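Undergrad: Heads up: the sequence lines are chains A and B, in that order.
According to the numbering used here, the first sequence is numbered sequentially starting from 405.
According to the numbering used here, the second sequence is numbered sequentially starting from 353.
None of these hints come from the bench; they were simulated from the model.
Quick caveat: nothing in here was measured; it's all calculated off a predicted structure.
One should not assume that every hint holds.
Stated by the list, open to error - Some chain B residues flagged as far from chain A (calculated, every beta-carbon gap over 12 Å):
hint, residue
1, T378
2, L395
3, G410
4, A444
5, V461
What the hints assert, rightly or not - Straight-line distance between alpha carbons at most 30 Å, and here's what the computed DSS-like set of lysine-lysine pairs gives:
hint, chain 1, residue 1, chain 2, residue 2
6, A, K462, B, K409
7, A, K462, A, K475
8, B, K409, A, K446
9, B, K370, A, K472
Glycine included, every Cβ here is placed at the ideal spot set by N, Cα and C.
Listed below are the residues making up each chain.
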Amino acid sequence: GENVEQHPSTLSVQEGDSAVIKCTYSDSASNYFPWYKQELGKGPQLIIDIRSNVGEKKDQRIAVTLNKTAKHFSLHITETQPEDSAVYFCAARTPSGTYKYIFGTGTRLKVLA
Amino acid sequence: EADIYQTPRYLVIGTGKKITLECSQTMGHDKMYWYQQDPGMELHLIHYSYGVNSTEKGDLSSESTVSRIRTEHFPLTLESARPSHTSQYLCASSSSGQPSFGNGTRLTVT
Numbered sequence: 405g406e407n408v409e410q411h412p413s414t415l416s417v418q419e420g421d422s423a424v425i426k427c428t429y430s431d432s433a434s435n436y437f438p439w440y441k442q443e444l445g446k447g448p449q450l451i452i453d454i455r456s457n458v459g460e461k462k463d464q465r466i467a468v469t470l471n472k473t474a475k476h477f478s479l480h481i482t483e484t485q486p487e488d489s490a491v492y493f494c495a496a497r498t499p500s501g502t503y504k505y506i507f508g509t510g511t512r513l514k515v516l517a
Numbered sequence: 353e354a355d356i357y358q359t360p361r362y363l364v365i366g367t368g369k370k371i372t373l374e375c376s377q378t379m380g381h382d383k384m385y386w387y388q389q390d391p392g393m394e395l396h397l398i399h400y401s402y403g404v405n406s407t408e409k410g411d412l413s414s415e416s417t418v419s420r421i422r423t424e425h426f427p428l429t430l431e432s433a434r435p436s437h438t439s440q441y442l443c444a445s446s447s448s449g450q451p452s453f454g455n456g457t458r459l460t461v462t
């Protein structure tokens, strides 16, 4: 069945460094890829998304890249800050019109001050 | 910020009790979802709905049931809670875009 692999499962970086989280999806027809940030005690919140007709999207310190050929997409956080510490999820939307989202297994990011 | 509400936030209950987890959204979204989140972080879809009177089982088998009598309301019921049901339950809703999540209900069955 469809699945999304996410790596790494945990990531520790020094404040000010960059963090990269990578996902691979299995269904080549997937056409929309949101990224979520989940802070302790809260539900996941959308932070950035990308559609299949775009290769890269940036929003301040956050960027997402998509390689449709390789079925890879990645989240890049630059100049990390302690408040970036959270669990991050990638997701892929199945294209069948059912609006089902397949989530990655999550990455716990720790930014060390 | 998403207008989707889950109650209660925390629930501790004994084995065999019937429970209902509430989820409401004020955005008029037609699609609603329930996810079960492991302590290890993974999100598993257990139920979804595309509109009133529409409910489907998700990818992870669950003993819970759901109903969708009103657009804004998507409650989840466990007829007889067991310790294996201990988990975080997240509700979400969407229209044509990505799901918006509530803050979850953390259920502990003793």
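Undergrad: Hey, K370 of chain B versus K472 of chain A, does the alpha-carbon distance stay inside 30 Å?
TA: Judged against 30 Å, a Cα distance of about 46 Å means the pair is violated.
Undergrad: Would T378 of chain B pass as off the interface with chain A, using Cβ distances and a cut of 12 Å?
TA: 16 Å, holds
Undergrad: Verify this label for me: A444 of chain B is non-interface relative to chain A, using a Cβ-Cβ cutoff of 12 Å.
TA: 8 Å, violated
Undergrad: Within a Cα-Cα threshold of 30 Å, do K409 of chain B and K446 of chain A meet the stated pairing?
TA: 24 Å, holds
Undergrad: Going straight from one Cα to the other, do K462 of chain A and K475 of chain A come out at no more than 30 Å?
TA: Distance of about 19 Å is within 30 Å: holds.
Undergrad: Is the claim that V461 of chain B lies outside the interface with chain A correct, judged by CB distances over 12 Å?
TA: 20 Å, holds
Undergrad: Between K462 of chain A and K409 of chain B, does the CA-CA distance stay at or below 30 Å?
TA: 36 Å, violated
Undergrad: Is the Cβ of L395 of chain B more than 12 Å away from each Cβ in chain A?
TA: 4 Å, violated
Undergrad: Taking the shortest Cβ-to-Cβ distance between G410 of chain B and chain A, state whether it exceeds 12 Å.
TA: 9 Å, violated
Checked against the numbered hints given earlier, this structure breaks hints 2, 3, 4, 6, 9; the rest are met.
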